[in-house]
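**Q** Spelled out, the chains give:
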Amino acid sequence: MTIGGWLQLLALIVLLAASVPILGSYMAKVFGGKKAPGDRFFSPIERGIYRLGGIDPEREQKWTIYALALLAFSLFSVVFLYVLQRVQEHLPLNPTHVKGVPSFTALNTAVSFLTNTNWQNYSGETTMSHLTQMAGLAVQNFVSAAVGLAVAIALIRGLTRHRAGTIGNFWVDLTKGIVRILLPFAFVFALVFVAQGVTQNFNGNTTATTVEGKSQVIPGGPVASQESIKQLGTNGGGFYNANSAHPFENPTGFTDFLQIYLLLVIPFSLAWTFGKMAGNKKQGIAVLMAMLALWLAASVGAMLLEANGNSALDAVKVNQQTTSSQPGGNMEGKESRYGPLSSGLFAASTTDTSTGAVNASHDSFTPLGGMVPLVNMMFGEVSPGGVGSGLYGMLIFALLSVFIAGLMVGRTPEYLGKKIQAAEMKLVVIYLLAVPLVILAFAGASVVMTTPQASIFNPGAHGLSEVTYAFTSVANNNGSAFAGLNGNTDWYNITFTICMLVGRFVLMIAALAVAGSLARKQTVPESAGTFPTDTPLFTGLLVSVIVVVVGLTFLPVLALGPIVEHLGL
Amino acid sequence: MTDVLFVVLLVASFALLAGFVAVCGRIIGPDPEGVTLSTGADPVVDDAEEVAA
Numbered sequence: 001m002t003i004g005g006w007l008q009l010l011a012l013i014v015l016l017a018a019s020v021p022i023l024g025s026y027m028a029k030v031f032g033g034k035k036a037p038g039d040r041f042f043s044p045i046e047r048g049i050y051r052l053g054g055i056d057p058e059r060e061q062k063w064t065i066y067a068l069a070l071l072a073f074s075l076f077s078v079v080f081l082y083v084l085q086r087v088q089e090h091l092p093l094n095p096t097h098v099k100g101v102p103s104f105t106a107l108n109t110a111v112s113f114l115t116n117t118n119w120q121n122y123s124g125e126t127t128m129s130h131l132t133q134m135a136g137l138a139v140q141n142f143v144s145a146a147v148g149l150a151v152a153i154a155l156i157r158g159l160t161r162h163r164a165g166t167i168g169n170f171w172v173d174l175t176k177g178i179v180r181i182l183l184p185f186a187f188v189f190a191l192v193f194v195a196q197g198v199t200q201n202f203n204g205n206t207t208a209t210t211v212e213g214k215s216q217v218i219p220g221g222p223v224a225s226q227e228s229i230k231q232l233g234t235n236g237g238g239f240y241n242a243n244s245a246h247p248f249e250n251p252t253g254f255t256d257f258l259q260i261y262l263l264l265v266i267p268f269s270l271a272w273t274f275g276k277m278a279g280n281k282k283q284g285i286a287v288l289m290a291m292l293a294l295w296l297a298a299s300v301g302a303m304l305l306e307a308n309g310n311s312a313l314d315a316v317k318v319n320q321q322t323t324s325s326q327p328g329g330n331m332e333g334k335e336s337r338y339g340p341l342s343s344g345l346f347a348a349s350t351t352d353t354s355t356g357a358v359n360a361s362h363d364s365f366t367p368l369g370g371m372v373p374l375v376n377m378m379f380g381e382v383s384p385g386g387v388g389s390g391l392y393g394m395l396i397f398a399l400l401s402v403f404i405a406g407l408m409v410g411r412t413p414e415y416l417g418k419k420i421q422a423a424e425m426k427l428v429v430i431y432l433l434a435v436p437l438v439i440l441a442f443a444g445a446s447v448v449m450t451t452p453q454a455s456i457f458n459p460g461a462h463g464l465s466e467v468t469y470a471f472t473s474v475a476n477n478n479g480s481a482f483a484g485l486n487g488n489t490d491w492y493n494i495t496f497t498i499c500m501l502v503g504r505f506v507l508m509i510a511a512l513a514v515a516g517s518l519a520r521k522q523t524v525p526e527s528a529g530t531f532p533t534d535t536p537l538f539t540g541l542l543v544s545v546i547v548v549v550v551g552l553t554f555l556p557v558l559a560l561g562p563i564v565e566h567l568g569l
Numbered sequence: 570m571t572d573v574l575f576v577v578l579l580v581a582s583f584a585l586l587a588g589f590v591a592v593c594g595r596i597i598g599p600d601p602e603g604v605t606l607s608t609g610a611d612p613v614v615d616d617a618e619e620v621a622a
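These protein sequence lines are chains F and B, in that order.
Residue numbering for the first sequence follows my numbering, starting at 1 and increasing by one per position.
Residue numbering for the second sequence follows my numbering, starting at 570 and increasing by one per position.
No wet-lab data here; the hints were simulated from the structure.
There's no promise every hint is true.
Not close to chain B: a few residues of chain F, all C-beta gaps over 10 angstroms, as computed [stated by the list, open to error]:
#, residue
1, PRO44
2, PHE185
3, SER361
The following label-pair restraints were derived from C-beta to C-beta distances [said to hold, decoys possible]:
#, chain 1, residue 1, chain 2, residue 2, range
4, F, THR451, B, PRO601, 46 to 54 angstroms
5, F, GLY253, B, VAL576, 43 to 51 angstroms
6, F, GLY568, B, VAL592, 22 to 30 angstroms
7, F, GLY54, B, PRO601, 26 to 34 angstroms
8, F, VAL318, B, VAL592, 54 to 62 angstroms
9, B, VAL576, F, ALA559, 37 to 45 angstroms
10, B, ALA584, F, GLY54, 21 to 29 angstroms
11, B, GLU602, F, ALA293, 37 to 45 angstroms
12, F, ARG47, B, GLU602, 36 to 44 angstroms
13, B, ARG595, F, ASN488, 33 to 41 angstroms
14, B, VAL592, F, PHE76, 17 to 25 angstroms
15, B, LEU606, F, LYS34, 20 to 28 angstroms
16, B, ALA584, F, ALA441, 16 to 24 angstroms
Covered, in the sense of this in silico footprint (three residues per stretch, anywhere, with C-beta under 8 angstroms from a C-beta of chain F), are these stretches of chain B [stated by the list, open to error]:
#, segment
17, 570-579
18, 594-606
Even for Gly, the Cβ is constructed at its ideal location relative to N, Cα and C.
Isolated chain F, as found in the complex (with noise of 0.2 angstroms):
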């Protein structure tokens, strides 16, 4: 790896390391009850919304009604986003003159969109409007990460409360989400964004005349709008089917630093809210040490296969060395303009959080190099995870973490001072096991059913990666296609939307409840039996407990997978 490649690494770190005590420390003031920087701006907003909806900011809900009110408000989005794509023909701003969204396509996309996905099994800009893209796709952006958002603050509610019968306001959270945090930061860097030459206009499609005096057509639209939200809210749909890799959706090398650092800023600070919250920042800090660990082993990973380049092309002599005249490395599938360093940390990261945006084809990495991104979709999406999914999936294997640390020293689990019993930890077997099994089985049922396996291009090992990686996308909420696989086919399109809406909902569900079900315990005072959790020992029992039970669910599929097609080489 070129010194290059680690500069950017370093500066990437540096940069988050100053943002998340900024940014975490900003939203737990603003979750938290009291005074919060900006008040005076955003408090006629969220007062005129809350006027508007007829919410009473003050009155609080149990888990059960925080949870329907989430499910009410994604019904009616979702059905809002699908009827939307199935009329764009008969609505404004449709420059192109696009027709309605297929109906399967439409649920696909409505589901994908609705559930933070972004799966996209489609090409944005010839099958969207305008409109759709504006006030379907973009507005889903916003609010998809904001219940998101709101489900973790609620959990930190309930481990953090004492004998509390609520946990919070769904409008109250969803509102100030969106108002305070992720509107005003998607407002910034979209002016970033424009100013380094990412699209946005109202324009149609433009005939130009190349230098070689051939016709092309360059499609406009609002890109830098939904780019800067695709990336801060850990969405990862892009305007054009080439995503990130799109020169007018990140034309330079300082807009994909810049992109990294938006998917990844979110994620990471939650972690210093939580500990904020907990009044305790160490808590917060040894969460924040096991995302990171695996966040950089990820990305570190990425990096040196992809660098290190194809060993079958090593067999017959192909120059795969860094030189001035080229990056080095497995160049195959990658933009020339970032090489195989970038690329892999983008690809790390965006998979290492929900996002799924990508910047090169993940299908054309090393067998190694390409199950990174894979293995970060396993761990299930908590390394920093997606904005708010991240962290409540990251409490939920804490939760574990100190159960199994309680059966090893014979006494009742504790966390943060609330005793974890059998409830709970029904609740979380629920939530670790509901994401596995639809993964695995619809996989299954994909390589042995004659129609869905017409869908996968490659036969063998790398076929059974690019079926697995696509449920394993869809199902923790990612997004990402290692491609080689169509999946715009009746039976994966239904049966990716079942996956998305079990990854969604039945972990905010069980999550939810776990919330509940702590919000009433009482806190019960440390004593000398009480397992730290705020320590670096606790930091790596999380990380081991993610490693070994991610292992143990998924390392069969992986064995017939890249790391057959790695030793096939």
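Please build the complex by placing chain B on the supplied structure of chain F, with the hints as guidance.
**A** The following block gives chain B in isolation, referenced to the frame of chain F:
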């Protein structure tokens, strides 16, 4: 026709999820008897007030 079917399926999916809320409610059981649960927000403590580990 397909549109109506998909909308109905979406509504049915969310009805199932609402049922799952009830299942989770059964798992955790009713609120403890004889204990008054608070309903207010807990403010975030400032650094100076932070509980020492």
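**Q** If a hint holds in the structure, say so; if it does not, say that too.
**A** Evaluated hints:
no.	hint	verdict
1	PRO44	holds, 20 angstroms
2	PHE185	holds, 20 angstroms
3	SER361	holds, 31 angstroms
4	F:THR451 - B:PRO601: 46 to 54 angstroms	holds, 53 angstroms
5	F:GLY253 - B:VAL576: 43 to 51 angstroms	holds, 45 angstroms
6	F:GLY568 - B:VAL592: 22 to 30 angstroms	violated, 45 angstroms
7	F:GLY54 - B:PRO601: 26 to 34 angstroms	holds, 32 angstroms
8	F:VAL318 - B:VAL592: 54 to 62 angstroms	holds, 57 angstroms
9	B:VAL576 - F:ALA559: 37 to 45 angstroms	holds, 42 angstroms
10	B:ALA584 - F:GLY54: 21 to 29 angstroms	holds, 24 angstroms
11	B:GLU602 - F:ALA293: 37 to 45 angstroms	holds, 44 angstroms
12	F:ARG47 - B:GLU602: 36 to 44 angstroms	holds, 38 angstroms
13	B:ARG595 - F:ASN488: 33 to 41 angstroms	holds, 40 angstroms
14	B:VAL592 - F:PHE76: 17 to 25 angstroms	holds, 23 angstroms
15	B:LEU606 - F:LYS34: 20 to 28 angstroms	holds, 22 angstroms
16	B:ALA584 - F:ALA441: 16 to 24 angstroms	holds, 22 angstroms
17	570-579	holds (count 5)
18	594-606	holds (count 9)
The structure fails to meet hint 6 from the earlier list, while all remaining hints are met.
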